[in-house]
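Undergrad: Listed below are the residues making up each chain.
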Amino acid sequence: MLQENIIRRLESMVGEENVENSNASLLAYSYDSTPQFQAMPDAVVSPRNTEEVAAVVRLCNEEKIPIVPRGSGTNLCGGTAPLEGGIVLLFKQMSKILEIDEENLTMTVQPGVYTQDVHKAAEEVGLFYPPDPGSMHISQIGGNISENSGGLRGLKYGVTRDYVLGLEIVLPSGEIIRTGGKLAKDVAGYDLTRLYVGAEGTLGVVTEATLKLIPMPEMKKTMLALYHDIEAAAETVSAMITNRIIPATLEFLDQATVKVVEDFAKIGLPTDAKAVLLIEQDGAPEIVERDVEKIETLCRENGAFEVTVAATEVEAEALTTARRAALSALSRLRPTTILEDATVPRSEIAPMVKAIREIAEKYELNICTFGHAGDGNLHPTCLTDIRDKEEIALVEQAFDEIFKKAVELGGTITGEHGVGAMKLPYLHLKAGEAGIEAMRSIKQALDPNNIMNPEKIFTKSVVIDK
Amino acid sequence: MMDAKEKERIQNNFKEKMDYEEILNCTRCGFCLPSCPTYIETGKDEVHSPRGRIALMKGLVDGDIEPSEEVKRSIDLCLGCRACETACPSGVNFGHLLEQARDAIYQTNEKSLPEKVVRNVAFHHLFPHQNRMIGLTGLLGMYQRSGLQRVARSIGVMNLFPETMRTMEKVLPEVPKKKEMKQRPRHYAPLKKQTKKVAFFSGCLMDTVFKTTNDATTKLLQYAGCEIVVPELQGCCGALHGHSGEREQAKEMAKRNIAAFEDAGVDYIITNAGGCGAFLVDYGYLLKDDPVWQERAAAFAAKIKDVTSILVALDFHNMPLQLDEQIVTYQDSCHLKNGQKTFMEPRQLLESIEGVTYVEMHDASRCCGSAGIYNIVESEMAMQILDHKMEQAKKTNAKTIVTANPGCLLQMKLGIEREGLADEMEAVHIVDLLLRAYEGGREKMRFEEMDSGGHAGA
Numbered sequence: 001m002l003q004e005n006i007i008r009r010l011e012s013m014v015g016e017e018n019v020e021n022s023n024a025s026l027l028a029y030s031y032d033s034t035p036q037f038q039a040m041p042d043a044v045v046s047p048r049n050t051e052e053v054a055a056v057v058r059l060c061n062e063e064k065i066p067i068v069p070r071g072s073g074t075n076l077c078g079g080t081a082p083l084e085g086g087i088v089l090l091f092k093q094m095s096k097i098l099e100i101d102e103e104n105l106t107m108t109v110q111p112g113v114y115t116q117d118v119h120k121a122a123e124e125v126g127l128f129y130p131p132d133p134g135s136m137h138i139s140q141i142g143g144n145i146s147e148n149s150g151g152l153r154g155l156k157y158g159v160t161r162d163y164v165l166g167l168e169i170v171l172p173s174g175e176i177i178r179t180g181g182k183l184a185k186d187v188a189g190y191d192l193t194r195l196y197v198g199a200e201g202t203l204g205v206v207t208e209a210t211l212k213l214i215p216m217p218e219m220k221k222t223m224l225a226l227y228h229d230i231e232a233a234a235e236t237v238s239a240m241i242t243n244r245i246i247p248a249t250l251e252f253l254d255q256a257t258v259k260v261v262e263d264f265a266k267i268g269l270p271t272d273a274k275a276v277l278l279i280e281q282d283g284a285p286e287i288v289e290r291d292v293e294k295i296e297t298l299c300r301e302n303g304a305f306e307v308t309v310a311a312t313e314v315e316a317e318a319l320t321t322a323r324r325a326a327l328s329a330l331s332r333l334r335p336t337t338i339l340e341d342a343t344v345p346r347s348e349i350a351p352m353v354k355a356i357r358e359i360a361e362k363y364e365l366n367i368c369t370f371g372h373a374g375d376g377n378l379h380p381t382c383l384t385d386i387r388d389k390e391e392i393a394l395v396e397q398a399f400d401e402i403f404k405k406a407v408e409l410g411g412t413i414t415g416e417h418g419v420g421a422m423k424l425p426y427l428h429l430k431a432g433e434a435g436i437e438a439m440r441s442i443k444q445a446l447d448p449n450n451i452m453n454p455e456k457i458f459t460k461s462v463v464i465d466k
Numbered sequence: 001m002m003d004a005k006e007k008e009r010i011q012n013n014f015k016e017k018m019d020y021e022e023i024l025n026c027t028r029c030g031f032c033l034p035s036c037p038t039y040i041e042t043g044k045d046e047v048h049s050p051r052g053r054i055a056l057m058k059g060l061v062d063g064d065i066e067p068s069e070e071v072k073r074s075i076d077l078c079l080g081c082r083a084c085e086t087a088c089p090s091g092v093n094f095g096h097l098l099e100q101a102r103d104a105i106y107q108t109n110e111k112s113l114p115e116k117v118v119r120n121v122a123f124h125h126l127f128p129h130q131n132r133m134i135g136l137t138g139l140l141g142m143y144q145r146s147g148l149q150r151v152a153r154s155i156g157v158m159n160l161f162p163e164t165m166r167t168m169e170k171v172l173p174e175v176p177k178k179k180e181m182k183q184r185p186r187h188y189a190p191l192k193k194q195t196k197k198v199a200f201f202s203g204c205l206m207d208t209v210f211k212t213t214n215d216a217t218t219k220l221l222q223y224a225g226c227e228i229v230v231p232e233l234q235g236c237c238g239a240l241h242g243h244s245g246e247r248e249q250a251k252e253m254a255k256r257n258i259a260a261f262e263d264a265g266v267d268y269i270i271t272n273a274g275g276c277g278a279f280l281v282d283y284g285y286l287l288k289d290d291p292v293w294q295e296r297a298a299a300f301a302a303k304i305k306d307v308t309s310i311l312v313a314l315d316f317h318n319m320p321l322q323l324d325e326q327i328v329t330y331q332d333s334c335h336l337k338n339g340q341k342t343f344m345e346p347r348q349l350l351e352s353i354e355g356v357t358y359v360e361m362h363d364a365s366r367c368c369g370s371a372g373i374y375n376i377v378e379s380e381m382a383m384q385i386l387d388h389k390m391e392q393a394k395k396t397n398a399k400t401i402v403t404a405n406p407g408c409l410l411q412m413k414l415g416i417e418r419e420g421l422a423d424e425m426e427a428v429h430i431v432d433l434l435l436r437a438y439e440g441g442r443e444k445m446r447f448e449e450m451d452s453g454g455h456a457g458a
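Chains as they are written, first to last, in my numbering: chain A, 1 to 466; chain B, 1 to 458.
Treat the hints as calculated values from the structure; they're not laboratory data.
Please note: incorrect hints may appear among the correct ones.
[Claimed, not checked] BS3-like, lysine-lysine: derived pairs with alpha carbons at most 25 Å apart:
1. K266/A x K303/B
2. K170/B x K193/B
3. K394/B x K120/A
4. K193/B x K92/A
5. K96/A x K5/B
6. K288/B x K120/A
7. K259/A x K341/B
8. K266/A x K170/B
9. K341/B x K389/A
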């Protein structure tokens, strides 16, 4: 509980109406999209500008009160669950697009802008902001930056990190700094922009960002390839890359996933196929036509029994939108869906898909797999029931094996969802003890009082229970 | 304020009445957030979002929080539009959860005395009894026709009422005479080759205050070739009760309706009010725990069809339909769209009318703020939502705003009145417009026949 005088001070900083601490508000900001992580904050604060953010952070630093910056709470790593209480910081009043610079091809935004609105604003002037996480119609750009979100177009276009040119940051001390800028080149010192993208709110608060835009591709084609067996679909992915084709999107869905997605979206997805690849290519018309033809051939050569190209843009949009709903749709089958995003080098997709299936069989679990096959980022999702403690224990063992397998194949424990609280026990598999220690030193230097999103990525104490 | 005893009662009710499996279906993905009118209107307050509301319900069941005014406020402020259900990939049935939560709160809530009286009169003594509805509407008719309305307005009596009620009084349709309401026909023969035998669910308000719309509905069905029966023992659907935490009363009303339609021997039961239809379709769920009624309820529910849906099925949109040149737009009835999944048919019908330029309104499927009695009990939020709705309506330049539910119709009329647009815009129920268009189409055909007849004689 925060003392009454702290609440009063917060109210005087940001306005009474922007500080909430009723039990309803505290509960409503006690969770994000990650099952199993929930904790009550002590107050919910919505500053109106950077100076107010700085004032709040300074107060918290003096009083050693934890702060959790939160967008729409759609992350999948327990990243915004206020596990140590304290203040949940919202950006609903800092949600403006400040500028679109058509000469430098940049957009400057406040953290509370919806990702989809960034897309729309760019498209209105014929420009393109590629990162498209599954929740982009509701996620906020500040959250995307802090989690370094990926998306369906990661294979060809990269992730959020590749489109952040500069940041305004409130440091844990309350000082305001600016990093990077509208610059294609900038080597003045450490690359703090890259440090803060994906820092999961543990090093400070992002209050403004300058994003890179690129010209809008002239055209886009979307296609579906259907398979009788999963591994053939995975082989096709490798075949495409070795044939030097980089599609904008190359998504993999197994039969169970296709079925639930169809159940929700009702757009006529093929529920009889064992696996489906959703492929998109964009660019100049002649290149797109040529690639689509090549892709179709490769799919058939690798065992696709049907390949169809979406006839209209509406149809294509329906397919990708449906794919974005996959995770939530899977919860139609069991009460709890626990999802991971183990990622491997794209050449290792087929062995990874096979390993996941074997691990699921070993533990007798129902694990559905979909994901961004093209960039090696899979989303094995376990359908379970949080109330069944025995099964949950098995789920944890299975995921433990999946992570170890991914790292063994040269991959990582998380490709795009972040470590947060959820993957904290596994970070050493990828980063190693010395790696974690290096990260901890950075944290210690910037946030000595450990107020910024504490107990995320790694614990404060050095010992990790394995 | 809630005292400790009441808190305990509410909390126990939540544990007892909530469908916990349904609560667990929510994965908290947040996909519902942009679809929720109150989340948007409160400036993205999670407390007033579907995900937040479900979390609060779960928190009460789990004992993580105790009931409070703020929790109750969250449940009260929900419109019950169910747009979140359409947006939800996990298929959470939010409407059911909301009904259970309101039941849990209101079956114990120490309401203020006036609120208690109003709820008691409306829910137990008025809506369930059609003859009383007729009586009350008759009074309204007297008020409108006797000149009392004019007098009341001129001496400013209406100023004693809150603004919403005041405007509402102005936009209520001219109601039928008591005699007409009492002598409602029970059978209609088809006016072309018979296609289907259907029963008409005439509703409580629809068969009194909106009687003309009901008459237009039966007319259209006749023109489409339907034989129609209107079972006498039917009554109010119970939606208002169900949505306001009066589930037991709603169940009784459901049973009466199921029995009333059982022997009609019809293919479909037709409704013309999105709100009623969505509740009727859900009778199976309402009575799911009742071994005697469960199956009968499901059979009844399976026959429910909105009038627009059967008209399209019977090819009505390919008949000659004609109106004066005008731009028309459509405001979805939330429950018709999110509850009955009917949203293409009304648009298809409107687009098939000659002379009509159909312009889709931005966010047409977002609630208009009517939401049953919401616009009276939550007037401020309802008017905020309505004002945003009218901004979108104006952008279409439409002369006619079409709706498919009486609540929405009144709300849109209210919006037009508030904007001072009464001279250039009108709100109509879709069947009223379709009847006009059908008659327009026939007239045009007669002219053409006369025309060609004239030529032949020359």
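Undergrad: Compare the structure with each hint and give your call.
TA: Status of the hints after comparison with the structure:
Proximity of K266/A to K303/B is assessed by CA-CA distance (about 22 Å); at most 25 Å being required, the pair is judged to hold. With a C-alpha separation of about 42 Å, the suggested pairing of K170/B with K193/B is violated against the 25 Å cut-off. Between K394/B and K120/A the CA atoms are separated by roughly 23 Å; this keeps the pair inside 25 Å, and the hint holds. Taking the CA atoms of K193/B and K92/A, the gap is near 60 Å; set against the 25 Å cutoff, the hint is violated.
Distance check on the hinted pair: K96/A and K5/B sit about 46 Å apart at the alpha-carbon level, beyond 25 Å; violated. Distance check on the hinted pair: K288/B and K120/A sit about 45 Å apart at the alpha-carbon level, beyond 25 Å; violated. A hinted pair counts as satisfied when its Cα atoms are at most 25 Å apart, and K259/A with K341/B qualifies at roughly 20 Å. Our distance criterion of 25 Å between C-alpha atoms is broken by K266/A and K170/B, whose separation comes to about 43 Å.
Between the alpha carbons of K341/B and K389/A the distance comes to roughly 38 Å, so the proposed pair goes past 25 Å and is violated.
The structure fails to meet hints 2, 4, 5, 6, 8, 9 from the earlier list, while all remaining hints are met.
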